[in-house]
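The chain contents come next:
There are 2 protein chains.
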Amino acid sequence: MVEYYLECITCGKKYKAEKGLYWCKDCGSIMGTLQIIYDYESLKKTIDRDSSFSERDSIVQFEELLPVRFSTDIDKFIGGTPLYKFKNKFGIENIMIKFDGISMSGSYKDRASIIAVNKALEEGYDTIFCASTGNAASSLALLSASTLLDTYIFVPSKIPRGKLVQLVAAGARIVPIESSYDQVFDISLDIGLKNNWYCRNSAVNPYLLEGKKTGAYEIIVQNNYEVPDYCIVAVGDGTVISSICKGFSEFYKLGLIEKIPKVLGAQAEGAATVKHVFENGKPYKPIIEDVDTVADSISVGNPRDVVKACTFMEKNGGYFTTVSDEEIIHAIGEMASETGIFSEPAGAATLACLKKLLSNGKIKSCDKVCLIVTGNGLKDVDALGELSNIRKYTVEEAYKLFEGVKYEV
Amino acid sequence: MVEYYLECITCGKKYKAEKGLYWCKDCGSIMGTLQIIYDYESLKKTIDRDSSFSERDSIVQFEELLPVRFSTDIDKFIGGTPLYKFKNKFGIENIMIKFDGISMSGSYKDRASIIAVNKALEEGYDTIFCASTGNAASSLALLSASTLLDTYIFVPSKIPRGKLVQLVAAGARIVPIESSYDQVFDISLDIGLKNNWYCRNSAVNPYLLEGKKTGAYEIIVQNNYEVPDYCIVAVGDGTVISSICKGFSEFYKLGLIEKIPKVLGAQAEGAATVKHVFENGKPYKPIIEDVDTVADSISVGNPRDVVKACTFMEKNGGYFTTVSDEEIIHAIGEMASETGIFSEPAGAATLACLKKLLSNGKIKSCDKVCLIVTGNGLKDVDALGELSNIRKYTVEEAYKLFEGVKYEV
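These protein sequence lines are chains E and H, in that order.
Reading the first sequence from the start, the letters are residues 617 to 1025 in my numbering.
Reading the second sequence from the start, the letters are residues 617 to 1025 in my numbering.
The set of hints was computed from the structure by calculation and includes no laboratory data.
As the structure is a prediction and not an experimental result, all values here were calculated from the model.
Treat the hints loosely; a few may be bogus.
The list treats identical chains as one, so a pair stands whether inside a single copy or across any two.
Below, a list of computed lysine to aspartate or glutamate pairs in the EDC-like style, where the Cα atoms sit at most 16 Å apart [unchecked claim]:
| hint | residue 1 | residue 2 |
| --- | --- | --- |
| 1 | K661 | E619 |
| 2 | K635 | D742 |
| 3 | K701 | D691 |
| 4 | K705 | D689 |
| 5 | K630 | E895 |
| 6 | K630 | D845 |
| 7 | K779 | D655 |
Build the full structure now, drawing on both the sequences and the hints.
In structure tokens form, the structure reads like this:
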């Protein structure tokens, strides 16, 4: 396996990889999330554009740049999601959309779960757990299902029926607790770590980000190493945007690209905590806010990866933008009807963000833009409920409708 | 483009390809569906195992065996779905699952829609239509969205909200008619053909089956040309199973495989019309039955492709088996919890069928079996409603649960 060490985002302290080591012992769980560092100079000698990676291969092709050995039956069908390329859509001459809604559980979280599952097996754990209300839970439950791992999912008891059903079908051991998501997260950490279970909680476990960074790798490889000017991604906890920054930065360090795309974070107006922390400036300090948005995957008031996200975004040179729920819902329809990509609300927030930045001149029509859509619209059909009020016809009316002139339906 | 002609399944009459030709003029729309025939001897000279096809490539790699030229921005992300391979699951030593729930619209129908969209563009149509309540509608609406085609979807007005919403998001022109699905189908044909729109109705247009046959091709290619003993697929209209038979048969004619897998059709006990027609024997005659099953994708009482399905299955040597709704629902959970594949009810019917054939000795544990799962479980979460009744815990109870001994949750 490739060599690496862990480094604290806040104090810079270095650690050797060790079973059960998730955060910096000096800085604590939220401030001291670790990142994984490789020997890029040495990797540079074996990795090149021509022979290392290919367009539709899975996450397994990046094994040299990941702190894990793949061993499950499903590994080679995780990652390798489509990068659609369109001309002249949404006012942009060349737009790309990376769509991770086409994935085993239908979201970007599969990239993290597959690392967690393999790492847990590699380190000899018999049980894995996470706290989640949504995509991370269904991703872990499904991706661990074919292995021998026991899987515990801690959820708030008011989890929507549809989401619960998917977890039950996957055979996960579900612990619905009468409490808020934030408290359920803390309870799961208490119980899981005490019982020596492997932790797949977003932002706590630094290995998860390593899986997520492969989305950035794929954007570059699938675009034949041409680097987009901007890459827009929705932000909740801050883990995905951190991973995108890290992925581009690593490809740069490896000499595979000559520049790094500017990464732009799309947040909902009603849940913009990471943006607030970023704009408050250094030193970045976690805060907790009340939030409310239709985009449930990014409805986070206590972003656990905010320090990492802000630190990485500062280095990248990107910034955050907010969009309203109305703009998000509209963007779901605009994306689907222009490209065929049916996104969950959080994914469509990237298009809403693009439209805003185009209208205020920060992005130009000749800029090369990539939107990252992290979840399938089928995950949250209810968010679009209002769209279902359309006119119905009797048989006679239907026939009349199409006699002679074409009518607008 | 590759050369081909059309041949009537019932009377054998041959036709040159012609714009607007969908069925045999002598036999009529249901009895006289056509099939597309290529010059296999000539194709044999250019197609081989070593260089023609690869594991994760899209439907585009089969262009030499398809009656269409690909021209849209999304073609190369249709098909190329996972073929998962597992050891010792469900009592089978070597089982494969082909999962088309991971696809642009989340179902096998994308293979047909992409052919229809490209064919409509190639022949200069400005409008395309279909009648559907489910997967075919969302597939066409999403796959035509990025093109210049106008898309009309005829649906019964009591279509579920969730399905309607997806169509509205895709920007399709929806015509909800207060009538049964069977009547809506006929109305759509009347209106669509009169207006000279391209027809994407399952079983009417013989080009659709050509897209669907690529699933069979991929099973062979992705399994390194090792042929499974059995291939199980759910049956509603009869188009998919016909296409699977044709795909295997063509690979055999091309000398790419030495034997053909036995194709087994899984039908719901409450909707087994194709099985009834098959077992009534030749000449196969369409019948109409009342049907009722939880598996809405195969809840078909007037199967439009029954003559083709029975004819092809007779040649293949396969047969049909029925499974109960209870077995189907149970199979969704069993498949998800053993493999991580979350299937819609119709797809899980294949596992229910396998279990039945194992228990009555028709399939043995050493047989190599492939299940074809045609739709994503996220398409129909409501079917699993009863699974959501699980116990909830207070914070104190949750902590107590994991003190000392591990509890069953």
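Structure-based check of each hint:
1. K661 - E619: For K661 and E619, only the intra-copy Cα distance (14 Å) is at most 16 Å; the inter-copy one is 49 Å.
2. K635 - D742: within (13 Å within a copy, 61 Å between copies)
3. K701 - D691: between (26 Å within a copy, 11 Å between copies)
4. K705 - D689: This pair counts as between: shortest inter-copy Cα distance 12 Å, intra-copy 38 Å.
5. K630 - E895: neither (28 Å within a copy, 71 Å between copies)
6. K630 - D845: This pair counts as neither: shortest intra-copy Cα distance 33 Å, inter-copy 55 Å.
7. K779 - D655: Cα proximity of K779 and D655: none, with 41 Å in one copy and 50 Å across.
When each numbered hint is compared with the structure, violations occur for hints 5, 6 and 7.
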